[in-house]
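Residue numbers (the numbering used here), protein chains in the order written: chain L, 1 to 208; chain W, 1001 to 1115; chain U, 2001 to 2639.
If you are wondering where the hints come from, they were derived from the structure by calculation, not from laboratory data. Among these hints, one or two may not hold up.
To be verified - Straight-line alpha carbon distances no greater than 27 Å define the calculated DSS-like cross-link-like pairs of lysine-lysine that follow:
no., chain 1, residue 1, chain 2, residue 2
1, L, Lys180, W, Lys1079
2, U, Lys2591, U, Lys2025
3, U, Lys2532, U, Lys2025
4, U, Lys2488, U, Lys2419
5, U, Lys2419, U, Lys2273
6, L, Lys101, L, Lys170
7, L, Lys180, U, Lys2615
8, L, Lys101, U, Lys2615
9, L, Lys53, W, Lys1011
10, L, Lys101, W, Lys1087
11, L, Lys170, U, Lys2615
12, U, Lys2615, U, Lys2026
13, L, Lys101, W, Lys1011
14, U, Lys2026, U, Lys2488
Remember, predicted model here, so these are calculated numbers, not experimental data.
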Amino acid sequence: MANMEYNVPTERWPAHPETATQEGQNKFVGFWIFLAGETALFASLFATYLALKDSVPSDDHLLAADLFHLPLAFVMTMLLLTSSLTSVYAVYHMRNNNFQKMQLWLGITVLLGAAFLALEIYEFVEYTGLGHTFRSSAFGSAFYFLIGTHGFHVIVGLIWATLLILRNAKRGLSVYTAAKVNTFALYWHFIDVVWVFIFTIVYLLGVL
Amino acid sequence: MAELNQEPMTKAQLEYLRRQRTREMRQQLVSFGLMIFLTFIAFGLTAMEVIPAQFTIPLVLGFAFIQVILQFYYFMHMKDNGHQFAKLFMMTGFYFAIAFCVTFVYIVWIGAPVN
Amino acid sequence: MAQTSARKQGVGSVIWEYLTTVDHKKIAILYLIAGGFFFVLGGIEAMLIRIQLAVPNNDFLSAGLFNEVITMHGTTMIFLAAMPLLFAFMNATVPLQIGARDLAFPFLNSLGVWLFIFGGIFLNLSWFMGGAPDAGWTSYASLSIASPGHGIDFYALGLQISGAGTLITGINFATTIITMRAPGMTYMRMPLMTWTTLVASVLIVFAFPPLTIGIFLLMFDRMFGSNFFIVEAGGNTIIWEHLFWIFGHPEVYILILPAFGIFSEIFATFARKRLFGYSAMVFATVLIGFFGFMVWAHHMFTVGLGPTANAIFAVATMAIAVPTGIKIFNWIATIWGGSIEFTTPMLYALAFIPSFTMGGVTGIMQAAAPADYQYHDSYFIVAHFHYVIVGGVVFALLAGLHYYWPIMFNTMLNETLGKITFWFFFVGFHMTFLIQHFLGLWGMPRRVFTYLDGQGYNAANMISTIGAFLMAIAVIVLVVNIIITLAKNERVGMDPWGDGRTLEWSIPLPVPYYNFAQIPLVRGLDAYWVEKKEGNGKMMPSESLTDFHMPNNSILPVVMSLGLFIAAFGAMYFPDGQEWAIDAVSGLEPKPWALPVLIIGLGITFVSMGIRSWKDDLGYYVTKEEVERDLEELERGGK
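Working from the sequences, and respecting the hints, build out all of it.
Set out below in structure tokens:
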């Protein structure tokens, strides 16, 4: 059984710990390729949404311009953008071999992500109350599928980060855990990238 | 998992690495500021409706692309060495993404064009 | 933790070993067995189709059953036979060709094969559980939403599961080829098989997510009451066509590119010449991959997308002929002046050139949008795609089976029987499909279960059916060949074809589980050939003999795939009898257990993913002493 060295002294901590081993390098390359696949996935979702936007069975259904209100979308954007920055801090401290601070910033990222998710759920509940549901129209289906897939990615990210914080709490930092944290950070940034397009294409262009 | 075989670094090397990381952090903070700023402008333009919609649409889309480039290059370290394949893959992905969206906006409906 | 390859194992432990294995060579065998099984299944379905169409007004199959059979034939052959069989050869050869000890993600490799197997089983269970899907392999939304019962649900869920496996495998191969190449193995020294695998993997990465989304839309409409394709509620069925073909067209390149790779290796080996125009071949491969994404709407010319869209996609489609032509000429130039050896794989390769070119030429005919209005939905189309898929991909699979058999099983298939298979298959193939071009031009529509007497279709259809029987005989001879070979089990030594050019032939057979005792140093294109001509015929090591690291086996991939398999049943029966459900299933008896089953299944998958993330999986070390023992044994055995 191979051994893994934890809590490496800083003078032996590599400049790029996440890619210091072959496995870390593989994970890094493989995850970027996965993200490229995710681009195609979200592109299909955006395309579907654009094709079905405001496509409703009758005139008494609410359309994008009636539904969306910008202040909520703005707050959500700020929360997610900030959580992207906090995960940058986590990676920064990981590279500086500062385990405690890394855990702290990961924790803050999780909190911000959870706040975002809470607002998204609030938004969904509100729209459902107004009669705009997954089953009410093709527009509703496309809207909830696009935003819901993003929300699902957020949930997965939150569970992932929480698991990482808990599992690493006992272990500490090694090139093995560093690769895991870096991969999570890439994932979280990518969720933010998708959200940038969502707030632009769905919300901003929706109310125009 | 291969064991860590990093030679111990000298004080000067460590100091250099630390300085470099601080500089990088500063860049990341600046790009964060830019992203917040662009978001403000995009929401502001849309909410105030100071300029006509046909100008706002390309403008906010452009802002989104700038934000995403910042996110990729600074937050996700795409500007660093060893990211060539990542750039290639993401650019291909974005190219296809734009192609998908354009077709779905313009050619998903039956009928009209055959005249 | 170390495996004991030499010790005699019981049946139980062999099964356990294959369930938990992460070794690319064993996973290749899993792909070969499962893919071979589905190939035979799809072949039987093909025979049923041809028997039904042999004579006019036949009632061998009913109209409904005929629809199910053609749907399952297409779906099985593309998703469950051709692609997995190509993965079998990729798994068997690519790590060896680039000088790696395994793939980048051995665990994910195992997950990929089990997702495919469970997805394939799920899809085929439809035969016993209320009827197979019947909307064609393209499953166009207007048909698939209307199709009563659960057939289409089997299609959607089965492909979703196996598609996830394919995506994972694609990412895995792309990563492996980028990061795991041996010292000296630059991109422009990679064998063509590796290059085509890389490009096909990239295509998988970009093509499968749109399919995933398309199938999700279909699943949500059929199982969860959404309205993507329900026109009364604002839905649009053209979305399905776009998403399906955004995936579907790259899919044919995902199939044909590795086939090109296999043939490129075979041509160079048995013409005993360096592949002509290697860099042009690489360039053409990449170009085909890129263009493959820009042409999907040529499947939709008759939808009415408008003359501008049709013109753009027509021109892009014709452009693909250029890189493909480059390849055809390069293969011919490779054989030209070579000292050719007519082995079974080489026969397939030589037959491939004219057969595939004929398929390519009819492809260009269809690329002209106005002409396509005539060919559309006729047997001309059926003839065209069977010429490229059978004349290209299946020929490559059969050639690869003979060519790589020694690497996979350490013994060689019988050459005489192999040539008998070839001739039956070759003659049968052209007999079946050449005449179908004419049937199409005479006006026979595809996907119709019978035709009337006196329309002039009788003789041609009978010829086609006889050809299909010849192909069936070929496959039976092949199966006999495999059984005889495995029973005799005559061991062969290193480089059994005698003219191996690339790294995989420089390894002792059977291939040690760690592949390379020392990672070799690559000194040029066709690394092993370079050493044969300029060195002492042995690969030079790039590292001293040391301990090295190998991954642990794991049962989790099977558990994860099983979880999704269970969840699929829950999802499928969820809408039964619900008032919001589509007409196809709203009349069925409600199944209150469906939701718990869905949750339990997904729970199993997510919990095992959590376990995988939580546990450290650091692998184990193969010691220098063990490798030295193996090398000594080899030395003694070889003398």
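Consistency of the hints with the structure:
no. : hint                    : in the structure
1   : Lys180(L) - Lys1079(W)  : holds, 21 Å
2   : Lys2591(U) - Lys2025(U) : violated, 43 Å
3   : Lys2532(U) - Lys2025(U) : holds, 26 Å
4   : Lys2488(U) - Lys2419(U) : holds, 19 Å
5   : Lys2419(U) - Lys2273(U) : holds, 23 Å
6   : Lys101(L) - Lys170(L)   : holds, 15 Å
7   : Lys180(L) - Lys2615(U)  : holds, 12 Å
8   : Lys101(L) - Lys2615(U)  : holds, 23 Å
9   : Lys53(L) - Lys1011(W)   : violated, 59 Å
10  : Lys101(L) - Lys1087(W)  : violated, 30 Å
11  : Lys170(L) - Lys2615(U)  : holds, 12 Å
12  : Lys2615(U) - Lys2026(U) : holds, 24 Å
13  : Lys101(L) - Lys1011(W)  : holds, 22 Å
14  : Lys2026(U) - Lys2488(U) : holds, 21 Å
Checked against the numbered hints given earlier, the structure breaks hints 2, 9, 10 and satisfies all the rest.
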